[in-house]
Amino acid sequence: MHGRIRTWGPGALVLLPTVLLLGYFVYGLIAWSFNTSLTDRHTARKGPANYVGFENYGNLFGEDRFLNSLKNLGVLTVAFIVGTLIFGLLWALLLEKGVPGESIFRSVYLFPMAISMIASGVVWGWLLNPSQGEDARGLNRLFEILHLSFLENPWWTAGSRWTTMASIAMPAVWQLSGYIMALFLAGFRGIPPELREAARVDGASEFKLYRYVLFPQLSPIALSALIILGHMSLKLFDLIYAITGPNQFRTEVPAIYMWNTLLRSDMAKSAAIAIVMLAVVAVLVIPYVAYTVRQESEE
Amino acid sequence: MRGGLSKTLALVGAAGLLAVSACGNSDDSGGGDSSANKDVTVFTWWADGGEKAGLDGMVSVFGTECKDYKFVNSAVAGGAGANAKQVLANDLQAGKPPSTFQAHAGAELKDYINAGQVDDVSQLYKDYGLDKAFPQNLIDNLTVDGKIYSIPANIHRANVVWTNPTVLKKANIDATKAPANVDAWIADLTKLKAAGVAAPLGLSKGFAQEMLVETTLLAELGPDKFKGLWDGKTDWAGADVTAALNKYKTLLSFSNADREAIDWSDSLGYVNAGKAGYTLMGDWVAAQQLANKVPETAYTYWPAPGTGDSFQFLADSFTLPTNGADPDGAKCWLKTVGSAEGQKAFNTKKGSIPARSDADPADYPKYQQSAMADWKKDTIVPSCAHGAACTAGQNNDILSALSQFSGSQDVAKLQTALGTAMKTS
Chain X
1 MHGRIRTWGP GALVLLPTVL LLGYFVYGLI AWSFNTSLTD RHTARKGPAN
51 YVGFENYGNL FGEDRFLNSL KNLGVLTVAF IVGTLIFGLL WALLLEKGVP
101 GESIFRSVYL FPMAISMIAS GVVWGWLLNP SQGEDARGLN RLFEILHLSF
151 LENPWWTAGS RWTTMASIAM PAVWQLSGYI MALFLAGFRG IPPELREAAR
201 VDGASEFKLY RYVLFPQLSP IALSALIILG HMSLKLFDLI YAITGPNQFR
251 TEVPAIYMWN TLLRSDMAKS AAIAIVMLAV VAVLVIPYVA YTVRQESEE
Chain Y
1 MRGGLSKTLA LVGAAGLLAV SACGNSDDSG GGDSSANKDV TVFTWWADGG
51 EKAGLDGMVS VFGTECKDYK FVNSAVAGGA GANAKQVLAN DLQAGKPPST
101 FQAHAGAELK DYINAGQVDD VSQLYKDYGL DKAFPQNLID NLTVDGKIYS
151 IPANIHRANV VWTNPTVLKK ANIDATKAPA NVDAWIADLT KLKAAGVAAP
201 LGLSKGFAQE MLVETTLLAE LGPDKFKGLW DGKTDWAGAD VTAALNKYKT
251 LLSFSNADRE AIDWSDSLGY VNAGKAGYTL MGDWVAAQQL ANKVPETAYT
301 YWPAPGTGDS FQFLADSFTL PTNGADPDGA KCWLKTVGSA EGQKAFNTKK
351 GSIPARSDAD PADYPKYQQS AMADWKKDTI VPSCAHGAAC TAGQNNDILS
401 ALSQFSGSQD VAKLQTALGT AMKTS
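Chains X and Y, in that order, give the protein sequences.
Residues in the first sequence are numbered consecutively from 1, following our numbering.
Residues in the second sequence are numbered consecutively from 1, following our numbering.
Just chain Y, same shape as in the assembly:
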């Protein structure tokens, strides 16, 4: 008993010492400067691969631009941001926001805006000249009730189809040219199936199906009506939506049976292995193919059929949390994020393109060069699957409805469920 007690005391004492030394550490990092804490805590889910390399690039620019501040990495790995968002929600709920945090640009920010957790950064756009550097079309997509709440670091394109030319040759299909519309694509898929490719369209679970629905809607409705679906101006119950969803149902019939059980990298693997001819996925595939050492001759890519004039975008962006510890440091980070050097350092590594329209394509690899050209001339439309067009809640309801549809194939039910999902917040 006595031994137990003294052990306990020793433990408590040790814990006390640790606490004291921890205090000492934080004093040191303050450098004796009494004015403010100079740490800038940047919360992201970029923990490895090209994303981490991109972040490191941005940090080195931050190091030279903002010499007064120290970058503190607060990345949470795993689940494509799902884990990070949970940690972030806890911190925000507890009133301890990081200096700045990563979030998908656009409607997904509404949850934070409604909760009063992020500040308006419109003034920073003017201060840093971002209102001129970013395309007006993008700024319109980011504006919520006349205010902008984040600064995008990069742009990805969602409506891209990746093909395997060797497979398409079996049915004498030209892999370099996109079918004119969804019907033409379905005709090609039918030919491929007849040529012995059992599941010519590689498809995976969750957001991959959501992206396919979105591009089908975009192709059938056109960019204006498609945008209206997300801001309430287009009726989800319309006959044109029904027609588009029926085409989506037809597309599903060309996909692999295990679509509910695999991830997007697996369905890309089906294409690379020649089991499937096509897969629809965002342009991070280009970086993945590079990482997997798939030669550029082994695949082709084009905008999803019928969406050639539209650039369906998604963007990672940084925010200014309300009541953050050191807003000046956070603003300096945001300045870096929006700057030409910051965007270049980040995007050349991550495999995305800069949001600024004044970047030099020569600095980027082949795929990004074509994407940058499209970014300048195409109509910019948002993606729901990646938070640009709808909130996390709406996205969750849509994913649930699509997983139900994958089994039941009930178009009427899907259409009602999608309409209901967009009515919630």
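Chain X on its own, in the form it takes in the complex:
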């Protein structure tokens, strides 16, 4: 009996604070939010609230504004992930080829990640000024000076949902591509050189070498990148807040809508939005976690 406690006791003791803190501040508060989302607590008034079941969720999904924010989020996530993966992979490929001054390029591409989104959002807000022609400012001014006026556009202030949210995704792509590049670069470096040599000896073209030998080995990294980018995009708040302000229908995503709802003390509704966001992230993350756990146990 004593011996047993000795084996698992210290481990349990070390884990205990984490379990307690996570249990309360993460899972306990998720439960609290979920509970609030089932009530009619629509003001800051204290005291008992009535349970209304899933009424708040029903109302949300019948609401133009919420559905608009979900669609915006979907488009943003696709644009952000595709853009970041393309640029990340492209840069990794270029650097992997071994250019002179590689470390400088690596730093240059990685640096944007060191800037907080709220700060880069303020600057991008200026860069994405929608004025065109003689009045152009920001990026449009740059295009004007370079005589590339066909590239000038109103960015997020006009046009379809795709052009709107792609303009918002652009700064995020700029910030995160370097990180994805670093992931892929590490992946390339992790592939033993013998494999390349063997493929070359067998007469594989450069394209076939990448297509059939190197890329398949990067798929676990691509999956991690997808999950990391996906959950970041689903929670994106600060960048949009800084670029467009909190009350912009065209660019509103659930995180911003939740903030707006909370500011008017509608606790139940904002809790419901939070739980929907959690569910969307869970749809993405849980299969990934299950997959990695299975992989690890197989190993």
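Hints in this document: simulated from the structure, not taken from any laboratory.
Hints may contain errors.
As the list claims (entries may be wrong) - Facing chain X, from chain Y, some residues (calculated, C-beta under 7 Å):
1) G116
2) A257
3) E260
4) A261
5) G393
6) N396
7) Q404
Backbone N, C-alpha and C fix where the C-beta goes; we use that ideal spot for every residue, glycine too.
Once you have looked at the hints, place chain Y on chain X.
Only chain Y this time, still in chain X's reference frame:
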């Protein structure tokens, strides 16, 4: 490991000492007086510029009027009050209200009233004689279900158009005279556009657009029906509202393309720089022009076209939070806020006008003198964009609908959205 542990202990010890010394401090400020805490914590978002100067003026009056109490500044800067409101919401939720807090007078207080966070101050109006000093029209606008929940410190006017006479001269338009109505204004805007001013109406994002919609509605519907929009007596689905919103759509077509990306000070800059002829903004522009050293000859101003007989007001006010730490100190602050000296000290610095009708115009700069004269004779109507006519939630929904309209230009959709917004709380 050992070093780490002793370091930790030292840190904990230091923290303990800090806590003890903090206790010592608060004992000192109590001055050994066991009766009550004499600190009056005043929560505002007036942290710099003319607002801060105005607050300082009020504090000096408070210092002489309420010698028993000590003013404690609890201002939260940034976001035109958005940051402050969040901090305040947390404090109120935690049951730790400040002695008194700043809030827009009128319907925006409903959120606090519904949450049971502020007390009725009608009795103070009688005690301090404010029911006589403030215009009856204003008191009616502040009354919610027969009770008043705050004391206004100042009055701003929202329905003012600022012009650049040099630009208007290009189309031979007299900048000193307001167009008779919205249609006449649109005719002038058309002339200006024809004269080569691409975007004659300077417009910025968010509440600036809301103010333009409001003044268009006010001009087209008249003050009584306009007030009815906010208290439910006028139907948002009416044909007159549709007509007004269509005129707003026309006005938008004369505005700058980057309206969703700039702030009101930028669109004022367009006017000053001669890129635009007009911009509609509240009368804090007068203080801004003064601060930017724009000479008074370089601009003119008049009430928004068609709203000449109405004074669309907004007011900053102070409340009496429920279960506040020291209600007597807070009441003394409220007395200062409502007093003639307090209002004078505050408003001459902030660039607004006093809510009291017994103030002497000679104490104020040129713009304020004309505003004070209008305040006495015009019909007083509330502004939704600044919390006098609608709650924070309604305002949020309206802003969202307007930002959607700025891109889509769908009048029917806007009209439905505005009606729905006013049905929520």
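Results of checking the hints against the structure:
1. G116: At about 6 Å, which falls below the 7 Å cut-off, the nearest Cβ of chain X leaves the hint on G116 of chain Y intact, so it holds.
2. A257: holds, 6 Å
3. E260: holds, 4 Å
4. A261: holds, 5 Å
5. G393: holds, 4 Å
6. N396: holds, 5 Å
7. Q404: holds, 4 Å
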